[in-house]
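Protein chains: 2
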Amino acid sequence: MSKSITPRATDYSQWYNDLVLRGELADYSAVRGCMVIKPYGYALWENMRDALDRMFKDTGHVNAYFPLFVPKSLFEAEEKNAEGFAKECAIVTHYRLKSDPNNKGKLIVDPEAKLEEELVVRPTSEAIIWSTYKGWIQSYRDLPILVNQWANVVRWEMRTRLFLRTAEFLWQEGHTAHATKAEAIEETVKMLDVYADFVENWMAVPVIKGVKTPNERFAGAEDTYCIEALMQDGKALQAGTSHFLGQNFAKAFEVKFSDKENKLDYVWATSWGVSTRLIGALVMAHSDDQGLVLPPRIAPTQVVIVPIYKGEDQKALIDARVERIVSELKACGIRVKYDNNDQARPGWKFAEYEMKGVPVRLAIGARDLENNVVEVARRDDQTKSTVTLDGIAGHIQSLLVEIQQNLFQKAKSFRDGHITAANSWEEFIQLLDEKGGFIAAHWDGTPETEEAIKEKTKATIRCIPMNNVPEAGTCILSGKPSTQRVLFARSY
Amino acid sequence: MSKSITPRATDYSQWYNDLVLRGELADYSAVRGCMVIKPYGYALWENMRDALDRMFKDTGHVNAYFPLFVPKSLFEAEEKNAEGFAKECAIVTHYRLKSDPNNKGKLIVDPEAKLEEELVVRPTSEAIIWSTYKGWIQSYRDLPILVNQWANVVRWEMRTRLFLRTAEFLWQEGHTAHATKAEAIEETVKMLDVYADFVENWMAVPVIKGVKTPNERFAGAEDTYCIEALMQDGKALQAGTSHFLGQNFAKAFEVKFSDKENKLDYVWATSWGVSTRLIGALVMAHSDDQGLVLPPRIAPTQVVIVPIYKGEDQKALIDARVERIVSELKACGIRVKYDNNDQARPGWKFAEYEMKGVPVRLAIGARDLENNVVEVARRDDQTKSTVTLDGIAGHIQSLLVEIQQNLFQKAKSFRDGHITAANSWEEFIQLLDEKGGFIAAHWDGTPETEEAIKEKTKATIRCIPMNNVPEAGTCILSGKPSTQRVLFARSY
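Protein chains in written order, with this note's numbering: chain A, 1 to 492; chain B, 1001 to 1492.
None of these hints come from the bench; they were simulated from the model. Check each hint, because a few of them may be wrong.
Unchecked claim - In silico EDC-like links for lysine to aspartate or glutamate, alpha-carbon gap of 16 Å or less: (1) B/K1098 / A/E88; (2) B/K1080 / A/D368; (3) A/K310 / A/E216; (4) A/K106 / B/E1079; (5) B/K1106 / A/D368; (6) B/K1190 / B/D1223; (7) A/K106 / B/E1083; (8) A/K98 / B/E1079; (9) A/K87 / B/D1110; (10) B/K1087 / A/D100; (11) A/K114 / B/E1157; (12) B/K1057 / A/E46.
All chains should be built: construct the whole structure from the sequences, respecting the hints.
Structure below.
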């Protein structure tokens, strides 16, 4: 690889872009703010999606698909939701192009094909889904509805970054309907737990589960639960949210059900989502100055095998032996690639797969064959060892588990070392500027103070952790009394 | 089920709508021409998608994702493609809503947020993808590119029908790039074969592989290959297309590569797609007046078990035995559902699963338990038999294979019986009006005659079958000489 990566210490933001582009996860596109997800990035997303999808199905959910467009009159029905998203909506106003009479071969929007009612390209689907649920729900027997959708959504962001903030992104959005408030809250928390389980155990990224302050709530929610992760530069990243929507959407769309006593009531709702943004979190949580570092459970390729040979005879011998190794690994469900392309040197391949974050690399030469061994290189700690080929599949299987755990532990140590208590404003500022990470501090509970802190420092309250321990104290900014610490951070 | 289905003989079109709605495959939505794919319909689509996706990957393809929007200047670059789709494009012109000053709580499009360049919601992705490939391709070493995308697309249709023709639909679109014409044509035909394999062996719908006439080609293609299926009402349905795009898009987007001799040439292209329209084909190919009939290989539920009992004691005994049956079936990879919901009577459940097209129903009562048997009902031919519970999983497995084959054979007999030769204009008209199906007839090879036949009869040339046998004759309309018969039909 002639293309080098900007080191984190030099420019963290450029390092991230280098990784995404050179690791071939995504590319810029001809459309402002939209990205192309390249095959390697999409394979990663497929593994993430499939794991999440199984978890959703195991918790009783089914998938469905709702329209891309939301008629404006439906979009505006839930006022807070509409207000929250109005400023970032792509709007379809016409349904036809026609030849430009003044410019041969060019097209213009046909003014006669103006829509009577404009269509909003969905920034989220509560409105279109709840207008549909109205027709599906009459009685308590129709509840709960536990539906998820895998889809693209569009939010017109002014400043975009690959994966982290793009005008169009891919996500899943669960939309559930319940007969009782308690059941809806239980669902909200259950799906937060599913997200935490996925992000920690598949992506190897530790998260803090918590509740958002009213300021940071999803537009239209009664409560927003979240998981917050920490990146290597000390900034937090919201990795997933689960919303208790109360009866807000049921009221906006007049969705009532008759309960067992035949009384009519509005339906209770939740919604929850994670997106391709998670790929950004993954890149920033584990990778290093040599390239991507991917956790084995979701890595598109878990093991790459590179032959080292002189001449066709050696190559043929190695090819034959590796064919058996590949079969053994595949039989254990390991995603393995044998790269015996003779257009590239081993050193080039080593750098390439290091860049791509492949967890384990096996290198095998003629001498290794004689000794019945292989060189095993770990991407995570960059150590190498020589391992016997007898029982190699079992060895690799254990190694992949070990790497997965190591990545999580490493990220967790870093994260745990970056949750710091601040007891004064000076300490708060100093921690933010010099150490970063989450800062546990007292806050007086008012949106005004929260806003003032944000303006002064760019730090926001990431969450009030679940099961937070009550502690009397005084707000770091206002000095007013406080009953608990909350977690502040600068964030993506 | 109190809701009855309109019989095919009464109103075929209404029968189709009844099935889609009452079979809970899809629902109308609040957005003109767009549908909601309900969980049962989406589960069917997931099975179809997963099978196709494996076939694409087995033939060397990878998935990626490209933007939903196409800037107008890119859209119009390939003139024929642009001309073909211009009349049915949803156009995004603005990126913000704002509060309506005259109408509190309502929103209007913010005139200050007008896009400098309008965005077309993709009706197909050649333009955005080839503008991207330009950056990916420099040399023959970058070829071939074998990429597929699963996505939603929008074509503003004036007359829509659930699954068959909707403004938004889900599909996959393969877009490949090659160094030679021969390789691109080989790819085009290979993917047509994949489609035929899938539709015949998974959906149990026989297809005819052929080539479209220039009139019916995809806008921007040099050649369009297709698979054509026959519905029970004698109308044809285009089930999938694979296009050889020549160098048209490479020229429009200036995508050149240097070959082994370092000479620059334009890249050769293909594209190929199938969509949720296939679900419409599936419904119309197999279903009957009692409801859906789904082929076992893609049915969301392959086997449903219904207990027949009096009182809790009998139910408990049956539950316990069925639990073991379910385990046995699941161990064989069979998708089985046990419906012991005590809110509904067995008769209601029988009708419900008949409506849903579940291939096999097992009914088990207390007496059956004593005799160690179960009643097995087939959805396809509506026969019932009593079968011993010993080795029930193996029996069901064979039965599912048999049902799959039976559905295909039945559809194939019907289709084969509906390919009829016509040797005069009178015969042609009579066959179209009285028998339907494909009519093999001579055509003089001109677009004018093809157009005239379409205007007079609404029949189009569905395809020129692959490996068509040359035969001298005279055109049924013009009487001019012809070298081969082509297949005409009225179609969806």
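Requested in this report: Could you tell me which of the hints above the structure violates, numbers in ascending order?
Outcome: 2, 3 and 5
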